[in-house]
Amino acid sequence: MTCLPEITPGQKKLGLVIDLDTCVGCQACAVNCKEWNASGHSGPLPDLKPYSAGAEGVWFNRVHSYEAGEGAQGRTVHFPRSCLHCETPDCVTVCPTGASYKRIEDGIVLVDHDICIGCGLCAWACPYGAREMDEDAGVMKKCTLCIDRIYNENIPEAQRQPACVLTCPTSARHFGDLGDPESKVSKLVAERGGQPLMPELGYKPVNSYLPPRNRTSLAAKPDEAAPTPMDIKNPLLRWMDKVLTR
Amino acid sequence: MPEAPIPLATERPDRAVDYSPPVGDQVKTTTCYMCACRCGIRVHLKDGRIRYIEGNPNHPVNKGVLCGKGSAGIMTQYSPAKLRAPLKRIGPRGSGEFAEISWEEALETATGWLRHVRETDPRRLAFFTGRDQSQSLTGFWAAQFGTPNFAAHGGFCSVNMAAGGLYSIGGSFWEFGEPDWDRAKYFLMFGVAEDHDSNPIKIGLSRLKARGAKFVSINPVRTGYSAIADEWVGIRPGTDGLFALALVHELLRTDSIDLDFLSRYTNAPWLVVRNPGGEDDGLFARDEAGKPLAWDRSRGAVDASLADLSPVMAGEFTLPDGRRVQPVFHLMAERYLAPEYAPEAVAERCGLPAERIRQIAAEIADVAFNQAITLDQPWTDVWGRRHETMVGRPVAFHAMRGISAHSNGFHSCRALHLLQMLLGAVDTPGSWRYKSPFPRPIPPGPGPAGKGAKPNTPLAGNILSFPQGPDDLLVDDEGNPLRIDKAFSWDAPLALHGMMHTVIGNAGIGDPYKIDTLFMFMANMAWNSAMNPGEVIRILTETQEDGSYTIPHVIYSDAYYSETVPYADLILPDTTYLERWDCISILDRPIGSAHGAGDAIRQPVLKPDRDVRPFQDVLIELGARLGLPAFTKPDGSPKFKDYPDYIMNHERMPGVGPLAGFRGVDGSKKGVGEPNPDQLQRYIENGCFWRDHLPPEQGFYKHANKAYLEQSKAMGLMGKSDQIVMQIWSEPLQKFRLAAEGHGAKQPPDRLRERIRTYCDPLPIWYPALEHEGQDLGRFDLSAITQRPMVMYHSWGSMNAWLRQILGANKLYMARSRAAALGLAQDDWVWVESRAGRLKCQVSLMEGVNPDTVWTWNAIGKRAGAWNLDPDSPEATRGFLLNHVISEWLPAQGGFRQANADPVTGQAAWYDLRVSVTKCAPGEEGVTSPHPEALPLPPHMPARPDLLRYSMKANP
Amino acid sequence: MNPAPSIVFFTTASGAGYGLLFWLGLLRPLGLVQMSPMPALVALVLALALITAGLLSSTLHLGNPKRAWRAFSQWRSSWLSREGVAAVLTYIPALLLGLGLWVGAPALAVIAGLLAAAGAVATVYCTAMIYASLKPIRQWRHPLVVPGYLALSAFSGAVLLAMLAAFSGSGTVPAVLAILSGAAALLLKRAYWRGIDAAPPIATIESATTLGFIGKTRTLEPPHTEQNYLLREMGFRIARKHAAKLRLIAQLGGFALPVLLAVLALLAGGGLATLALTLGAVLTLAGLLVERWLMFAEATHTVTLYYSGT
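Residue numbers (the numbering used here), protein chains in the order written: chain A, 1193 to 1438; chain B, 27 to 982; chain C, 3 to 312.
Bound conformation, chain A alone (with noise of 0.2 Å):
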């Protein structure tokens, strides 16, 4: 179970890419995907001491701020961090009841909550901090990628997607199989230059971050030439002879 599948070519990568050269840090991801999942394949998600101080938690994915570099090449970027679904996660080696496991048919990482004993070592061997304990039920919970919209058939076909994807107000997260060059996201990744998180960790996530874009810039300069008013006797002239009509 712990044992990594065999990854073969054309194998299917299910995972999101993240934009985080639109991402303007609205949260909308994490609480969509907090209400979702409260109810769904992992759920509930419990929230320790909700209303008072010390209110924790468990949320699948959590958005930081940063800023990167100074002065005018200076960037706010907001970055939603969740579970990138690992092509060689240790978080599911580790394991020792079989709970964690990444699944073969589409490469999503999973815990099988009726296994998990709660010893929390999965979480200490995530580099990302994608993994958080249901400390209620003692039992360590994650992003499943949505495994209960994504293939449900209650729910409409456009709509099969991960809670976090479709809600995105500013179509930053991309949902795809990120292991068929061919598809959308792949092209994406490959377009835009989308990176891995941490790849010197060696864990070769399948989700991936588009960078921020160079900044649209325009060749336009100002027209230095044309005169100042105190150049000029009097600059109404220009217009006064302009013809115009309706």
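I should point out that these hints are in silico values taken from the structure, not numbers from a laboratory.
The list that follows gives simulated cross-link-like pairs (lysine to aspartate or glutamate, EDC-like), each with its CA atoms no further than 20 Å apart: (1) K1434/A <-> E360/B; (2) K1434/A <-> D286/B; (3) K1241/A <-> D972/B; (4) K54/B <-> D704/B; (5) K68/C <-> D1306/A; (6) K667/B <-> D643/B; (7) K218/C <-> D1213/A; (8) K1376/A <-> E1349/A; (9) K54/B <-> D73/B; (10) K1425/A <-> E360/B; (11) K979/B <-> D1306/A; (12) K480/B <-> D542/B; (13) K1434/A <-> E342/B; (14) K1204/A <-> D40/B.
Label-pair ranges, simulated between beta-carbon atoms: (15) C1195/A <-> K218/C: 39 to 47 Å; (16) G768/B <-> T1437/A: 35 to 43 Å; (17) A241/C <-> D898/B: 24 to 32 Å; (18) D802/B <-> R196/C: 52 to 60 Å; (19) T1437/A <-> T483/B: 49 to 57 Å; (20) T400/B <-> K218/C: 44 to 52 Å; (21) E370/B <-> A245/C: 50 to 58 Å; (22) E1374/A <-> P701/B: 51 to 59 Å; (23) C1195/A <-> P7/C: 30 to 38 Å; (24) D1372/A <-> A241/C: 45 to 53 Å; (25) D802/B <-> K218/C: 31 to 39 Å; (26) G214/C <-> A846/B: 21 to 29 Å; (27) E1374/A <-> D898/B: 50 to 58 Å.
We put the beta carbon where it would ideally sit given N, CA and C, even for glycine.
For this one, chain A is given, so just place chains B and C on it according to the hints.
Only chains B and C this time, still in chain A's reference frame:
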């Protein structure tokens, strides 16, 4: 948009997964109310509880997306902060001691107080609502009651936006217009954080960026939308108008203006009388029929609306009667070509290099004139001439509270509209577009109702309306205000949305008079909705010598235990947005778009589990009990059963009611038509909204598009189908100015003459914040502003268990360089001091903020004990309100108290605040200040759970 | 990483227990420690008590302790599973050793003892590998972690055995072993600390966010203003000064003093030796608790890059 769905896997042996659970057992559409955006939602229910709320893919506002707030509706519905039953105060005000009472007792108590007021002096009722979306009902009810003292929260929100736009271009940014997201090539966004149109802006920005258009954000802070801008212009707060006028200067200097557009669609060619000191100085020269004149190249002064006019745009002319006149264009160009508007002259004030301003002007000009858009779309203009194409200047603008919440906001907003007009970028392809039912005539309607209030008599007309000049002001013969908030007086002649922020302060000192009953709905005036909440609380609890309260009766309706509840005498508990009918009415602020008019409803998707009633039902019932004519039948019995009955059957004019869709007995009419008993059902079947689709030939140039204007008139959206000529020179403002100069029967009191003369300029001006006059700006060396966070909407979110995890406390953000100079490090505790007071909070350092500006998230700080949160919650211990250091009054000006507001519109000038920041002394850290004592809970509020396991899963 | 008391106790107690079991199983057959069956049985009981207490304590860390039995299934990939299997398997020879001692079956005791010693090594090795295989935690991923675990286990086991053997007057060899393994463990530990202090971070906020191409990256706002599981579990940080002090305490109390006391015991012999070795054992275990606590407290997880940038 998301990619096509993944085909079903043929083989899925995973036994641990249920792939196709039913989402719920029922799904209902309605309209979101987690902020003011009015998105369509689909609420999935299971066993009578909410399973999931998603965006309605068919809805024109949000097209299926839903923001973080909307997605958290479940937790707003099931919050333990919900009020449970009507309450009667039994302890002193503010003690929070209440007894539950029956609705009958509550309604009889309210009726008793209100009947007495109405029978004696109806002005002594001040009826003010917050961000409610039923102003067409509440305003109508107030007029029926007979009090002029009604408004919603617009006066402290964005009336500068509305007034600036409606008096310039007959529409406005905000809810009355939108950028052409699909065609704009250059987009300038001024002072926008999460605001009205939250999801449409997000959707639009992503479309704009996907096309590679350039997005420039002018904002002191680089967060949210500004974070994804191609260029962030970190301007100093309150100088946007000056920046805009410097752009105007540059466009004029380089002759990068659309003279044809100006001559056809604006009053640029209209002739202005030049008669300094005379009573007609600055007014338009008009013919006998009252039509404005222009100077025709061959014929001299003629009717400016003639189709064959060949206007001379600059020069000075003499009319046959001897009066000297000049075209508006001439006066405008002359003013803004002056050196004081040159980029060099404004650079220091705006905190931007002159070259940068010139560069932006050059880019705007380049896109507008070298990259113009031509659509092969024939259309017919108001003169009946067919055009084969639609030409557009693809430069779009949008602006919001960062512009409007300043005392110079009205003129700053006018300056932006002037820029649009100069570029020919109003309702043309690629530019900013009107949302139906706009454009409307300038100004859109008659003056405000409110004169001659007398017992038991309704006021005729709209209370919040549009003064055309001094005669329309609500003032007595001495020039004193008739309204408690002094809206539409010489204090604020164009206070189109009232001035809620002054009501309690004015009532407290009986200026202009005392009131008997303060009736509020959804307005958290004892906390985040007030400038200086401490003072509001003081007034609400102040007693006279006989022990009675200065404001004798306070009635408040809210769904939650907000900070204002303890200061009311009678609480009428409202439902949540998912338990009610509502109407996002065509008569108020509907959901129309550039593609056509639209409106929407809310339907109850859940039944209340407590003894609460929708406020609108209560208002209609009170109307009937009070015998208000429009709410009673001739025999005195109630005219409307409830709010849905009112929505369907109320007619403001024959055939015109709250909803424009599915009118007529068979539901086939739009705009005008007989009431339809199935109207609400038809809305429900349509996803709880109605939308008109304009044919392509009506898509642009709506201000001068014959087909559009005629259609608009036929639908009852406008009284006439005349061209709407945009107003560069505003004659109503000049009329106020002339009065200040001593002309006419209605003149301002002497103390306000100079103020009116200065600020009622017919052309846009810029001036430093009134708040800064007489202040030691060296000591208070930082501007302080707030932003709405995208995930929290003021006081609509802290009782939400999910949203408060995301933002449960706020810090004061400051430039890293500035903090270093002040010796401050990340998370240091500081005192923030203004002329009005001081507060204590933590600082957070960042790069993307104007170095002379500090800012924080708005309304995250909560009073301990409110919202059924534990008093130790971070909202109360680490959250804070900047409001505590904002004064609701300007520094004394000649001994008269003036609202800290725009002198033209009365818009609360929240963002004029100046502060100093100093490090706390050791030992002062830990809890924000002020930290008023914790509020006790009303009776029978549910206990706060320690653990929440919300789930509608089959076997959780 | 959060030094959860249950885990700190587990690694200290079961480490010492397995060390004791190892030496007991190894030295008796080799005749390097002369313990009659009864004292040996006492030593075995102590070893198993420490092991069992440690293992039970570790289940306190589980969200679902009643399902702990499931942890034996994934020995093919999971070091935690292997540790569980090894721990359980080691009970078999250990109990047989006890049986041999109890019923006086020396051959059984010898064979079972050697097997138990091997099991002890295997179990400690698996425990160490749980930590050493975690890439996101560079202080655990370090090559000296496994040798360190083994050395610490050997040292604490030797100290305990020396103490017990001293009561039966045969503490010399274990005391020598304690001195040797203590010195080795101290050297390893010091090398380890030097190593983690000098090592570059495994990843940076720039690589964690992909934003390095823009410039230096800083956190602006956290996703939530309150704490969460990840931060409580992995966001634990110890001040450098505080860590340095604790390192000194661990080195002096946990290693240097016990070694010196063992030397003293060798020199003094008799009752004083017993006293010195007993004191040494107590100090060792206390010092190791500090060292184990530090092992967690000084470990940093890459997830904190997202929250604090370091």
